[in-house]
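*Asks:* Top to bottom, those sequences are chains A and B.
Just add 36 to wherever you are in the first sequence, counting from 1, and you've got this note's numbering.
Just add 4 to wherever you are in the second sequence, counting from 1, and you've got this note's numbering.
Bear in mind the hints are in silico, worked out from the structure with no lab data behind them.
Hints may be right or wrong, so weigh each one.
Within a straight-line C-alpha distance of at most 27 Å, the following computed DSSO-like cross-link-like pairs (lysine-lysine) qualify [to be verified]: (1) K206/B / K31/B; (2) K18/B / K528/A; (3) K528/A / K179/B; (4) K531/A / K111/B; (5) K18/B / K111/B; (6) K528/A / K111/B; (7) K528/A / K99/B; (8) K18/B / K31/B.
Stretch by stretch, here's where chain A covers chain B in the computed footprint (C-beta under 8 Å, at least three residues) [said to hold, decoys possible]: (9) 12 to 26; (10) 137 to 148; (11) 163 to 173.
All residues carry an ideal CB built from backbone N, CA and C; glycine is no exception.
Take a look at the letters that make up each chain.
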Amino acid sequence: MLERAALHQTRFRTPGVAPDSRGVTLGQQGVVLFPSIDRLVAFLRAYGNEGSLDDLITHLKIRRLITPLRTREIMLSIAAESSYRMDRVAGIAKLAGGLVFTGTARHFVKYRDSASPLGYDVLELLDEAADMVLYHDTFQQSYSFEREIPLRDLIFKLTPYRIPSGEGRQASSRLWASAEVGVGAAILTYLFRWQVTARAALAEWPPESAFDDQGKRLYLFDMSEAPERIVKLLDSLPGVHVFEPLGKSVAVEYGYEHPIALDSAASLFDENTLHLFRGDGDVLQLNPLPPFAPVRSLVRTPIDVDAAAPTRTFQGSDQSLTLGLDLKLAPTSDPWRNVTATVIPIAEREWLARLLYALPPATLASLRMGVSDEAIYVLDPGGIEGLPLGVFQSEVAPRIYVPSGLTLVPAVAPAVLEELVRDRGTGYVFFSGENATPVVVPREAFGPVSRRALRNVSARAIGARAIDMEEPRLPLLRYDAARRFPLWGLPKEPKEK
Amino acid sequence: MARQLQELFDEFAKDFVAPLLKGGETKAVRVLPAHVLGTFGHGAFSDTEVEQQIREGLSDAVADLASSSVMPFPEPGAMAVVMAGHNLIALTDPKLDRRFARGSLPKVLGWANELIDSIEAPTTRGEALTRHALLSRLLDLTREDTILRSWAYTYRFHGRAPTVKPVPPFDFLDKKTTRQTMRRLLRAHFDANVELYEPIAKATNRLVTRSPITLLLEHKDVPDLRFGEAVVSVLSDSGLRQGIIQSIVRTGTQHVAAPFGHALRHFAAMDPPGEYILPVVAFLAELQILEVMDDRAGHRPKDVPAIGDEELFSAVLPALFETEGAAKELIQLEKTDYERVRARAAQRKAEAGDDAVEMARSIAERAVAAARV
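Isolated chain A, as found in the complex (with noise of 0.2 Å):
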């Protein structure tokens, strides 16, 4: 019934389907063909769960097909759009227990497997007044079209199943809760009590009969960072219902899944729907939103105005009163910031020695160093993380500075602390000490490394001179000596032969 394709074929029998840049015979739709809709579930379940419904879903059709003999069939129809599309489908078709075919319109012949790798080609067509004949190597059949189901219907027929408690799943963080009216009073009361951040609302839908008194109505909650203890009450509690969030318009009720991924079919849900699956099957939707305030609002609490206590107006004291007190400085577990300085004890001089001979120019160049009898002061705006020496300090406020790990206490602003500081002019201010006694260094005092640090250096004399550089002399011409006949003696031109 079927023959291979062969390499570079550009003619088939089969109408509609041409080999695509790989070579595979392709063509613009793919179709899977399934037994039963439960294998069709297992398809969209499997697919959704590796990659996303919503590539396929813009094409997609599932249709119930019908047979000459009146057997059924389900058949999903997507856009083919390339082979390697083709091949995932048609990997994950084979494990669902489908078959997959490709064409255009109406005839669709067997895809690609591994006995032929670049696709099939009829043998003869089927001239039957049919809605769609499908060829494989071991049939061929014609079909009719039932009817069509909406992926979307198929959904929500669905229900999600339970998962078993023992997997240990951590709820996510943001949940949504449903309860009865009559519960969902002291749950505002509960929730608000144990300082959980939730909003709520009251969702109304209209009566689904005549026979019915009113409407149903319904609590909703919207909690952040529940614990899980209050989550696992919830959810025990009759007429209470908690959803997980799978989307920004999709939850499923905690402990249940949903068979198919619903986070990947994402463009079936209308964004400002909520759509809430409950472990029964019965699907919330919820259009508008209902308004939602914070639950702090909604609690009820008893006021009596009479009993209030009065106000007292305070009166100040005539007294002035004062305060004095001392800058200090304490350790601090903050991490350190702004470390453009050391400080280096004067009997550490040598081995401030030894590291700048180590140092590379880049980090010599942006050193800055004042000496005075008792220390040396290194400053570098980039970080004097290069200079591994002394005690590194930490630039609280411009050209203050503090060691590290240590903070001024009271913990003042950077601008009050620059007041504080009277009589520093341009200098650098550095604060040591328990008592944080400040110590000030000019700014004259400061200079390159290379300045402070280095003797100068006297070079010898000597003498040298550039090489000469001779111009080519003109050539000047001389005959050779005159010959009564020029051309005697010259080698002859080689005869042809």
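Given chain A, work out where chain B should sit, using these hints.
*Replies:* Then chain B, alone, in the frame of chain A:
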């Protein structure tokens, strides 16, 4: 036969080519038949010292122009240049204009023309530089003429050392020594071979056209200068182009406008592909830009508007300022230099006139269109 050819090759290399390049006394040896080019073009030097002198001389001759790791010699094209030049130089010997020897002159000229016809366009930078090194030294070759006048006779020695001594106690009444380069001698009237003046000058000009670099640098002495395919190939080498431009600016740009404007006019009339036009436009533009940059340049703007070919040459620079695309890259300069060049371009536009600028702009736009593709 082979030995005779090898001896002739060694004599030519040792006595003519090596001193021609290194300087000093260069002896014009026996005239060279055209058919020996096949042997000479692939010859091997017997004397390594001579070979060393030739190679050093070739490098020194073009050191100011451009560099090349390979300067092939002997190579058929370069050998034909120096052989043809040698034969033309030999024709300037007045001693050949005498009985029996006079009959050989047309044959020697024929050989020179045959050698010139066999020279193909250079295909590499090294080949172009080698030919220029040889031809420029040939043109720089100087002949010293001595005229000794005694009371009885006037002796003339052209290109030869005087062989006459005064008889004591008398001395020569007058002794005059003049020098002329072959650059002038081959094109001007000299003291013998009257009938060969024009053919020798024509052959010399043809020989110069076989070396594109020499052709550009000798622009004022070459009538009807054209931008041929070989010249465009040389100009498309940016290193060579810059060397040529700097050499022209260094020696003076007083005479560049007419020949280059004439060549540009004929070049545009041939409607060449755009990618051929860009090197020519770049050459003319960079020459004028360097002229502005270099205060020593001699091409001063004239008080009266230039006409004809000079007009078109002057129009190239202002046309670049009006052309978008790749042409603008030729005037990517630092701000003050850019202002100077723009001021000169405005001056040139006033000299050349709108028609010439329009024509130059159309040529530049064709080059830009090809560069865009």
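*Asks:* Given the hinted pair K528/A and K99/B, is their alpha-carbon gap at most 27 Å?
*Replies:* holds, 24 Å
*Asks:* Mind checking the alpha carbons of K528/A and K111/B for me, to see if they're no more than 27 Å apart?
*Replies:* Holds, at roughly 13 Å.
*Asks:* Check whether the Cα positions of K18/B and K111/B lie no farther apart than 27 Å.
*Replies:* Judged against 27 Å, a Cα distance of about 25 Å means the pair holds.
*Asks:* Can the restraint linking K531/A and K111/B be considered satisfied, given a maximum Cα separation of 27 Å?
*Replies:* OK: K531/A and K111/B at ~18 Å, within 27 Å.
*Asks:* Given the hinted pair K18/B and K31/B, is their alpha-carbon gap at most 27 Å?
*Replies:* The hint holds at about 9 Å.
*Asks:* Can you tell me if the stretch 137 to 148 of chain B counts as covered by chain A, using C-beta to C-beta distances under 8 Å and a minimum of three residues?
*Replies:* holds (count 6)
*Asks:* Quick check: do three or more residues in the stretch 163 to 173 of chain B have a beta carbon closer than 8 Å to a beta carbon of chain A?
*Replies:* Result for this restraint: holds, n = 3.
*Asks:* Given the hinted pair K206/B and K31/B, is their alpha-carbon gap at most 27 Å?
*Replies:* holds, 24 Å
*Asks:* So if I understand the rule, the pair passes when the alpha-carbon distance is 27 Å or less; does K18/B with K528/A pass?
*Replies:* holds, 22 Å
*Asks:* Given that the stretch 12 to 26 of chain B was listed as covered by chain A, double-check it with a C-beta distance under 8 Å for 3 or more residues.
*Replies:* holds (count 5)
*Asks:* Given the hinted pair K528/A and K179/B, is their alpha-carbon gap at most 27 Å?
*Replies:* Not OK: K528/A and K179/B at ~43 Å, beyond 27 Å, violated.
Of the hints listed earlier, the one the structure fails to meet is number 3.
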